[in-house]
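**Student:** Assemble chain B onto chain A, guided by the hints.
Respectively, the protein sequence lines represent chains A and B. Taking our numbering, I'd label the letters of the first sequence as residues 1 to 173. Taking our numbering, I'd label the letters of the second sequence as residues 174 to 349.
I should point out that these hints are in silico values taken from the structure, not numbers from a laboratory. Glycine included, C-beta positions come from ideal geometry on N, C-alpha and C. Do not rely on the hints blindly, as some may be mistaken.
Looking from chain A toward chain B, a few residues come up when the C-beta cut is under 10 angstroms (computed) [as the list claims (entries may be wrong)]:
no., residue
1, Ile-39
2, Leu-82
3, Gln-85
4, Phe-115
Residue-level listing of the chains:
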Amino acid sequence: MKRTRRAALALVLLPWVALAQPHRDDKGKDGGARDAERIERVEKRQRLRQVLELSDALELDNAQALKLEETLRRFDERRRPLREQVRDAARTLHQAARGDAAAQPQVDAAAQRAFEARERIAALDKEMYLALAKELPPAKRALLALTLARSEGKLKLGKWKRNGVVPELPPID
Amino acid sequence: MAACPEYEVLLDVHATGGLETDEAARVHAHVKTCDGCREALASTVGVLMLADMPPLSAEEKAEVEELPRRTLSAWRRDAQHRGLRRRTLGSVAAAAAVVALMLLVPGRLQGTRSGTDTVTTPSSPAATVDGEEVDAETMAAIEAWAGLEPLDEDPDAPDDGDVVDEDMDFDLGETL
Numbered sequence: 001m002k003r004t005r006r007a008a009l010a011l012v013l014l015p016w017v018a019l020a021q022p023h024r025d026d027k028g029k030d031g032g033a034r035d036a037e038r039i040e041r042v043e044k045r046q047r048l049r050q051v052l053e054l055s056d057a058l059e060l061d062n063a064q065a066l067k068l069e070e071t072l073r074r075f076d077e078r079r080r081p082l083r084e085q086v087r088d089a090a091r092t093l094h095q096a097a098r099g100d101a102a103a104q105p106q107v108d109a110a111a112q113r114a115f116e117a118r119e120r121i122a123a124l125d126k127e128m129y130l131a132l133a134k135e136l137p138p139a140k141r142a143l144l145a146l147t148l149a150r151s152e153g154k155l156k157l158g159k160w161k162r163n164g165v166v167p168e169l170p171p172i173d
Numbered sequence: 174m175a176a177c178p179e180y181e182v183l184l185d186v187h188a189t190g191g192l193e194t195d196e197a198a199r200v201h202a203h204v205k206t207c208d209g210c211r212e213a214l215a216s217t218v219g220v221l222m223l224a225d226m227p228p229l230s231a232e233e234k235a236e237v238e239e240l241p242r243r244t245l246s247a248w249r250r251d252a253q254h255r256g257l258r259r260r261t262l263g264s265v266a267a268a269a270a271v272v273a274l275m276l277l278v279p280g281r282l283q284g285t286r287s288g289t290d291t292v293t294t295p296s297s298p299a300a301t302v303d304g305e306e307v308d309a310e311t312m313a314a315i316e317a318w319a320g321l322e323p324l325d326e327d328p329d330a331p332d333d334g335d336v337v338d339e340d341m342d343f344d345l346g347e348t349l
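Chain A extracted, bound-state conformation:
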């Protein structure tokens, strides 16, 4: 039964994979629109991965998984302007660091915006956890917290490892 449920869940969620495929005909689009589409596409892919991980960990059925996807999507939408705020601040700081005169006066404001966005993202993460944990029993809440942390940690760790920043560590007992 569990196998059937997983198969059905994967089938239900496959459209997100289909829609998350990169566009092949976007040569004519301007950079801003292309960037927005790329962000949306990657967000969808990350969200799909998160839904599958959480559904598996929390043993959700299809309806619950779709509800979870909807909740994650709402939080992604709220996180998107904060991501843009971080990226915008990073661009300004990058320009200032390269000596661009127009960007120099904006350094403090840009750094402030980056820190502020970081705090709001952390608050949003906590709010998302509470929203997802709302109807779960304690054991499932614990699994949720661990899965969310592990998912994010694994992603960052994986990237750092690919870049050779962190050496391979032996597994913890």
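**Tutor:** This is chain B only, laid out in the frame that chain A set:
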């Protein structure tokens, strides 16, 4: 002495109590006057009495009384299983139909989405001065610092399908 041939069958049926009242009265009247038939009837009744079942024990009575309820429960269970199977098959078929639609007309869907999507990414004028962009790795590091999952799609990263498989604890291929 043998029974009258025309009464042989009637006598057997009469012995089991299966005759209608008129016919039973007729056979009864005949038996009174015919020794052969009387003997045949007595013999049949004797045989039938040998095959008579003993009375039901308390356990057997309880079993018999339970029978309708157990039959109903079994029927309900069976109906539930059949319903569940039908619903599961229906869900899988519906999901497969949706997937087929999504995969068969991806271009149209993508076109519709990009046509109606009005989300644009604002960027500050300072950010694009001289066309100098933050490199993907730095941007990803800053996003990770802020608590976001990096958006960069570096060439070393696995393909879409691999990304899905990479971090999952179960194998999609196995289930599909």
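**Student:** Holds or violated: is the Cβ of A:Phe-115 closer than 10 angstroms to a Cβ in chain B?
**Tutor:** 9 angstroms, holds
**Student:** Is the hint on A:Leu-82 kept, meaning its closest Cβ partner in chain B is under 10 angstroms away?
**Tutor:** Holds, about 8 angstroms.
**Student:** Let's test the interface hint: is any C-beta of chain B closer than 10 angstroms to that of A:Gln-85?
**Tutor:** Holds. Min distance 9 angstroms.
**Student:** Taking the closest Cβ pair, is A:Ile-39 under 10 angstroms from chain B?
**Tutor:** 6 angstroms, holds
Hint compliance for this structure: every hint is met.
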